[in-house]
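Construct the complete structure from the given sequences, taking the supplied hints into account.
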Amino acid sequence: MRSADIIDLLPLSPAVFHILLCLAEGERHGYAIKREIAKRTDGKLTLGAGALYGAISKLLEQGLIAESDERPDAHLDDERRRYYRLTPLGRRAAQAEAARMRDLVQLASVNLGFAKG
Amino acid sequence: MLSLKLYRFLLNFYPATFRENYAGPLEREFLDEYGEAPTRAGVLLLWARTLADFATSVPTMLAREFREDAWHAVRMWRKRPLPVIMAILALAIGIGANIGVFSVVDALLLRSLPFREPERLVGFEAYFPLGFDATPKTLAEFRAKSQYLEGVVACMVSEVNFTDSQHPIRVKLTAVNWEFFNVLGTRARAGRTFVAGEDEKGHDTVAVIGYALWQQMFGGDSRAIGSKISINGTSFEIIGVAPPDFDYPDKSQVWTPTVFDFARIPMNGGINFVRDLGRLKPGLTLAQAQSAMEAEAKATKQPRIWVDKTFHPRLVPLRDQLAGSLKNQSLILLGAVALLLLIACANVANLLLSRTADRRNEMAIRGALGASRARLIQQLLTESVVLSIVGAAASLVVAHWSVKAAGMFAQSGVSAAQTLTLGNWRIFAFAAGLALATGLLFGAAPALFAGSSMIRTSSQRAQASRLRSILVAVQIGLTVVLLAGGVSLGYAFRKLIATDDGFETRGVVSLRVAPTGGRYETPTGKAAYYNEAARRIRELAGVKAVSASMFLPLGTNSFMLFRYKIDGSTGDGEPAALFPVAPGFFSTLRIPMLAGREFDPADAARPKGDKPIIVSESYARKFVNDPHLIIGRRLVDSDGPTVVIGVVKEIRFGGPVFSMPEQAFPLSTNVTNFLIRVDGDPHERLAAIRQVVQAIDPAIPVHDAMTLDERFADVTARPRFYTLAAEMFGICALLLSIVGLYGMISYSVTQRTREMGIRMALGTTPAALRLMMMRQGLLLVILGAIPGVIATLFAAQWLEQLVSGATALTSAACIASLIPIAIVAALSVWIATNRISKLDPAVALRVE
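Each protein sequence line maps, in turn, to chains A and B.
For the first sequence, numbering that gives the first Met the number 0 assigns the number 116 to the last residue and increments by one with no breaks.
For the second sequence, numbering that gives the first Met the number 0 assigns the number 847 to the last residue and increments by one with no breaks.
It is possible that some hints are incorrect.
Partial pick of chain B residues on the chain A-facing surface, computed with a CB cut under 8 Å [as the list claims (entries may be wrong)]:
(1) Asp31
(2) Val57
(3) Met60
30 Å max Cα-Cα, derived DSS-like pairs, lysine-lysine [claimed, not checked]:
(4) Lys250/B <-> Lys403/B
(5) Lys610/B <-> Lys543/B
(6) Lys57/A <-> Lys403/B
(7) Lys171/B <-> Lys403/B
(8) Lys171/B <-> Lys136/B
(9) Lys4/B <-> Lys57/A
It should be emphasised that the hints constitute simulated quantities derived from the structure, not laboratory data.
All figures in this text were calculated on a predicted structure; none of them were measured in a lab.
Virtual Cβ for every residue (Gly too), placed ideally from N, Cα, C.
Here it is, written out as structure tokens:
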């Protein structure tokens with residue numbers, strides 16, 4: 000996908016951005032993603048299972064993430080779990096979103112300044 | 000574990016693809032969270048979150064998959080657009096026609112009436128509970144002792160000349176008892192309605208006017224209340240305005256509170272016919288009230304002039320009385336359009352079914368790639384729902400026209416509250432429901448076979464082709480019903496309008512005036528008006544003959560019944576329909592005299608006791624064997640004797656539909672419904688005539704100016720509409736089912752190419768193969784036609800209600816409709832099998 004196409008995907012929804020950020024640290028299964036996001040946002044963003052897998056199915060279709068073939072040891076595994084990893088395209092999309100946010104923050108700091116606190 | 004079971008059940012609400020891919024992980028995750036929930040409260044919290052999650056994510060997922068499936072369908076359609084366009088057209092016609100007829104049913108039978116609890120209001124049929132010489136006192140007595148009515152309304156409709164100050168118009172006035180508005184439960188829009196005592200002399204010069212009249216004459220000004228108006232020369236004060244949709248009965252525009260005082264408003268010799276209406280006592284059913292009324296009718300033993308076995312004293316709900324014959328007629332039409340829609344559905348199902356089979360490879364590949372049967376069914380149902388939504392949208396165009404067409408036959412005669420519209424929620428719900436139901440109906444057949452197309456066993460293929468054959472046979476059967484219906488109505492209608500009415504309408508124009516009040520209230524005053532008008536009309540260019548009558552031919556179906564005795568005979572005498580006419584009536588309408596002569600102007604001067612009368616042949620035969628023998632005899636009624644001077648063939652006064660053949664025509668010069676024979680353009684002549692008549696007295700409105708040909712078109716408008724509609728339905732049905740048959744045969748030729756190849760290799764000629772296909776196709780037609788004919792013969796009784804005389808023709812019509820069906824079917828099979836003749840056995844054998 001060309002970078003112009005990546006721009007079409009932006010802005011990413013907070014949930015999607017968090018999923019990509021989370022998978023940037025390594026492969027994870029759905030439940031782990033959900034818990035990680037809840038932890039990072041102090042429980043402000045808790046995804047329901049339906050919303051999570053809805054987002055995941057869309058990300059898979061767009062090719063931003065992929066299902067991982069590597070699985071943990073059998074005694075730790077449940078075959079119903081699915082593990083996901085970030086694709087190079089997904090990484091670039093997350094970077095583009097981060098850059099977009101950075102530009103936005105810079106613009107805001109020039110025009111408004113930051114509130115104290 | 001109960002929670003897991005419940006969770007698994009809820010997963011079913013997700014669309015197929017999503018469910019297949021993520022049911023496992025979702026379940027695992029639910030178990031993880033469940034395991035982590037520390038307490039019972041924690042579990043409850045988990046469920047609350049889970050349900051909220053379902054509520055938001057299920058619709059999102061469904062919309063996403065629907066969008067994908069719909070786009071997929073549209074992409075597939077673009078590859079082969081013709082069958083889809085045909086399907087959409089079929090649906091548009093089917094659904095559109097249904098909406099049109101439903102709008103009539105809705106207006107007549109479903110919409111609320113401008114009365115309080117209208118279902119408790121009843122009218123009477125073949126029974127006059129107040130008798131013929133009622134007074135306010137007898138009405139009060141009747142109500143007091145009635146076992147079944149809590150309120151009684153008596154009303155009498157007549158046409159009057161209405162003037163505010165300078166504009167004379169002709170309006171319908173209803174004289175009512177003072178409780179009229181209270182019993183109906185209708186409040187005045189402005190001012191008030193009648194109160195007790197206003198039906199008494201000295202208090203009764205008050206009137207309530209209709210909303211439309213208020214707008215037209217006073218521009219909706221509230222100062223109209225209290226102002227004076229003149230009705231047939233008598234002065235009244237307006238006390239109130241009726242609500243906008245209220246025009247009961249018979250599109251009335253003015254109501255006055257004295258119903259039994261016939262002499263109060265001069266009516267120019269019009270007929271006084273009091274109609275009764277009642278409100279059922281609370282808690283009483285219609286059946287209970289009916290039996291109470293029957294007992295009452297038996298006890299009172301009313302005298303009846305005309306006894307007909309089909310007329311029994313009966314209570315009729317007001318809504319049915321208002322709808323009249325339109326009620327059954329519109330329901331019959333609704334049945335017919337429902338059949339048409341079924342044919343369209345079968346057609347679309349058939350098209351989709353063969354397309355499904357054509358797309359076996361696509362389905363098989365998708366199946367191999369992991370799409371489940373549920374997924375494929377979802378795809379097909381989505382496709383058919385999208386198809387029916389597009390079809391329904393297209394049907395709105397058809398509906399726009401069909402509602403207009405329906406308005407042409409259903410509008411005249413119904414009250415303002417029953418005006419047809421396309422925009423109300425019931426019609427919208429009906430259309431939406433119809434679209435969805437048809438979508439599921441014809442989507443179901445292909446969807447059922449989606450799975451079987453993956454597993455290509457021969458038995459399942461045979462099953463699918465049998466289903467297609469059944470659909471085609473059903474279509475043919477329904478087509479026979481609709482086509483035979485159309486043919487019988489067509490025959491009956493043509494016979495009806497070809498009926499000799501006994502007079503010549505071409506070149507005759509008519510208009511009505513009703514000089515009332517003041518100098519017109521004496522017979523000589525009216526006769527003077529008639530003579531003056533006739534003289535002025537006669538002087539106009541192009542006028543060949545002038546006459547007048549009390550009832551205009553083709554103007555009304557009502558007449559007076561009188562009994563005459565001949566010479567000195569005893570007994571009750573013989574009933575005849577009475578039509579008072581002016582001199583020249585018969586020659587103006589070119590009605591030939593069978594014996595004797597027509598009235599001439601000198602006859603008007605003959606003294607009482609020697610007044611001339613002309614009778615119809617049928618009536619003459621009630622007294623004598625040879626019509627010539629009645630000339631010079633005396634016919635005696637309560638007014639004294641008249642002398643028969645002529646005999647004519649009976650005429651169909653009300654048009655072709657119904658007439659009483661026993662007719663008597665007394666001479667009258669008090670009649671002012673003019674009939675004028677002209678040459679040249681009748682409309683131009685009519686305009687000139689209208690002008691000179693209006694000039695005689697500007698205060699007397701000239702109205703209802705029409706040619707007799709126009710009146711004939713009006714009288715036959717309804718049967719004409721039904722016939723046209725039925726013929727249209729029949730033709731549409733034929734087209735749709737032939738498209739179905741053609742599609743099925745040509746598809747089956749493609750399917751059996753290999754088999755054909757083998758047969759040809761074994762020596763069968765292409766022509767023989769085509770004949771074989773033809774036999775199979777025609778067998779289907781016959782199999783469908785048999786139940787179709789039986790159904791038609793059962794349905795025949797309903798046709799009679801649309802156009803009289805239709806039932807008698809049904810068996811002939813069945814045969815007449817089978818012929819075109821068979822010919823068109825054979826033709827379509829022959830064309831569909833054209834490919835066989837070009838078939839090369841060597842190629843055919845290699846076809847997979």
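These are the hints, each one checked on the structure:
no.: 1; hint: Asp31; result: 5 Å, holds
no.: 2; hint: Val57; result: 7 Å, holds
no.: 3; hint: Met60; result: 6 Å, holds
no.: 4; hint: Lys250/B <-> Lys403/B; result: 21 Å, holds
no.: 5; hint: Lys610/B <-> Lys543/B; result: 27 Å, holds
no.: 6; hint: Lys57/A <-> Lys403/B; result: 49 Å, violated
no.: 7; hint: Lys171/B <-> Lys403/B; result: 26 Å, holds
no.: 8; hint: Lys171/B <-> Lys136/B; result: 26 Å, holds
no.: 9; hint: Lys4/B <-> Lys57/A; result: 27 Å, holds
Violation of the numbered hints given earlier is confined to hint 6; every other hint is satisfied by the structure.
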